[in-house]
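A.B. asks: Sequence:
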Amino acid sequence: MNLKGKGCLIPIIIIAAVVIIGIALFAGNYNKFMTSEETVNQQWSKIDVQLQRRYDLIPNLVNTVKGYAQHEKEVIKEVTDARAALGGARTPDELAAADQQLQGALSRLLVIVENYPTLKADAQFTQLMDELAGTENRIAVARADYNNAVADYNKLIRRFPGVVIARMMGFDEKRYFETTPESRTNPEVDFGTGDTSQIPALPGTGSQHLRLQPEGEWA
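Residue numbers (the working numbering): 1 to 219.
If you are wondering where the hints come from, they were derived from the structure by calculation, not from laboratory data.
Ideal Cβ placement from N, Cα and C applies to all residues, glycine included.
Watch out, some of these pointers could steer you wrong.
Derived lysine-lysine pairs resembling BS3-like cross-links, with alpha carbons at most 30 Å apart [what the hints assert, rightly or not]:
# : residue 1 : residue 2
1 : LYS46     : LYS155
2 : LYS77     : LYS66
3 : LYS46     : LYS32
4 : LYS32     : LYS73
5 : LYS155    : LYS32
6 : LYS66     : LYS120
7 : LYS46     : LYS77
8 : LYS77     : LYS120
If you anchor each label on the Cβ, the simulated ranges turn out as follows [claimed, not checked]:
#  : residue 1 : residue 2 : range
9  : GLY22     : GLU131    : 50 to 60 Å
10 : TYR116    : MET169    : 55 to 65 Å
11 : SER107    : LYS66     : 15 to 25 Å
12 : ASP152    : GLY88     : 24 to 34 Å
13 : ASN137    : GLY87     : 17 to 27 Å
14 : THR126    : VAL164    : 55 to 65 Å
15 : LEU25     : ASP145    : 28 to 38 Å
Given the sequences, and given the hints that come with them, work out the whole structure.
C.D. replies: See below:
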C-alpha cells in the first residue's frame with residue numbers, strides 16, 4: 001500500500017476510534033445512571049414502608065385517645081385530617097408538606113395527653129407511642145439515606161460528559177425529601193407510671209397504600 005492509500009486510512013481510523021470511545025462513554029455513563037437511579041428507588045421504598053407503618057398506627061392511636069379525651073375534638077380532628085392529607089399526597093413535595101402537617105398535629109396531641117394521666121398510663125396507648133417513636137426514628141434514617149442517594153445521582157448527571165448523555169436520555173434531577181426542622185421535633189412527654197386501665201382495642205380504618213415513586217407518580 002502506497003503512502004497515499006495509508007493517508008486515506010488515517011481519517012477513517014480516527015473517526016472509528018472516536019465513535020468507539022463515544023459509544024463506550026455513553027454505555028458506561030448510562031449504566032451508572034441506571035444503577036444510581038435504582039439505588040434512589042430502593043431508598044425511597046424504605047421511606048414508603050415506614051410512612052405506611054405510621055399511617056396505619058394513627059387510627060388506633062386516635063381511637064385510644066378518644067376513649068379518654070373525647071372533649072379534645074379539635075386536636076383529634078387535626079390528626080385525622082393530616083392523615084387524610086398524607087393519603088392524598090401525589091408528589092414528593094406534597095408528601096413532605098403532608099408529613100409536616102401530620103408531625104405538627106401529633107405534637108399537639110402529645111401536649112394534651114399531659115392533661116390525662118389515666119391515658120398516659122394506658123398500656124395500649126403506651127405501646128402505640130413506643131411503636132410510633134420507633135417508626136419516626138426509622139423514617140429519619142430512611143430519609144437521610146434517600147437524600148444521600150439523590151445527592152449522588154444528581155452529581156452524576158451534572159458532570160461532563162454525563163450531563164450531555166443525561167439530557168439525551170431524559171434523566172432528570174431527583175427531588176430531596178425534606179421537611180422543616182420544626183416538623184421533625186416532637187415535644188417530650190413523660191408517660192410516668194401508675195395503674196393501667198385497659199380499654200378494648202378499636203379496629204383501624206382501611207388505609208390506602210402510600211406507594212409514591214421518587215418521580216412523583218403513584219404505583
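A.B. asks: Okay, which hints does this one fail, numbers in order?
C.D. replies: 4
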